[in-house]
Amino acid sequence: MISWVLGGAALMVAAFVLLSPLESLRWWADKGQAEIAATFDPMRPPPQAAGIGPTAFVVYLSGVAVLSGDTLSDREDAWLAAVAEEVPGACIISEVFPYAVDNRGLLHRTTMGLWKVLGWTREHWHWNPIHNIINIRNIAQVLVSADPRYGPTFNIGLAQELWRALQRHGYRPGSGTPVTLMGLSGGVQMALGAGWFLHALKVPVSLISIGGIFGDDPGLDRMRHLWHLTGTRDHTHHLGTVAFPGRWPTSPLSTWNRAKREGRVSFHTIGPMGHDGPAGYYGRRSLDAQGRSHFDLTRDAVVAILREEAGA
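For the sequence shown, numbering that gives the first Met the number 0 gives the first residue as 0, with consecutive numbering after it.
Incorrect hints may have been included.
Dumping the calculated DSSO-like pairs for lysine-lysine here, alpha-carbon to alpha-carbon at most 30 Å [stated by the list, open to error]: (1) Lys115 to Lys201; (2) Lys115 to Lys30; (3) Lys30 to Lys201.
Simulated from the structure, these hints should not be mistaken for lab results.
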């Protein structure tokens, strides 16, 4: 019986990996071209008047454990609220599901029953590894975003969803108001992919990476700056360095190494965090040697960057 269950899970994982590019390709063939043409219409509204609306926009893209843009973990919700309190002039947006080309969360699909069961399993039977199918499904989309063959189609769709979310929250095209993308884990790769297209709309884009796993995406060429925040116990973020040859020192002409040479990448070790969970970047009970929580350390590091950006 167990072998049947394990075999079924293995087949499901293989299906996610092999079929993952088809979601964005089907979207593009069915309606993507028409949607993009309408969303990126050159006849845009006039710039927002000075002094009206937020002075900066922050778009948060969660990690690969998320089920949809409206179901962030309690830790993430609390942490984002704490950041918003410290930077009152910024509008923080977290509603976009970065692992779908059309912002359809896993709980808004015909397969929602499967994802609900896996989400419940993670909540109540966290020791059961079956819930990692959620992560594997989303990791497959990270690989699609980083793939030069399929990535552009996926990334322009995600950029469209970010652009729509920005405008829903008051962003005025042509205003030149800076946008800071902020990603956790695999969300950083998704932010890089979409950032290339946002920059094409004259949006000044920067990126804060929190334990980010990402490749040498072309979007790096269009980032004003990338801050890579890591914890000393987070070894998972090194997967990006290992898995993507463009981040190796032997690829001096890659977008990653070019950005480093140009001084547009900063590295910050902010505390003793692991990659996720209670000892991760948003943990309240895990403390450093001075008694400060991982939650506070990550918040303070991000707030310092946002304030620096606001004063630039």
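To see whether the hints hold, each was checked on the structure:
1. Lys115 to Lys201: violated (39 Å)
2. Lys115 to Lys30: holds (28 Å)
3. Lys30 to Lys201: holds (25 Å)
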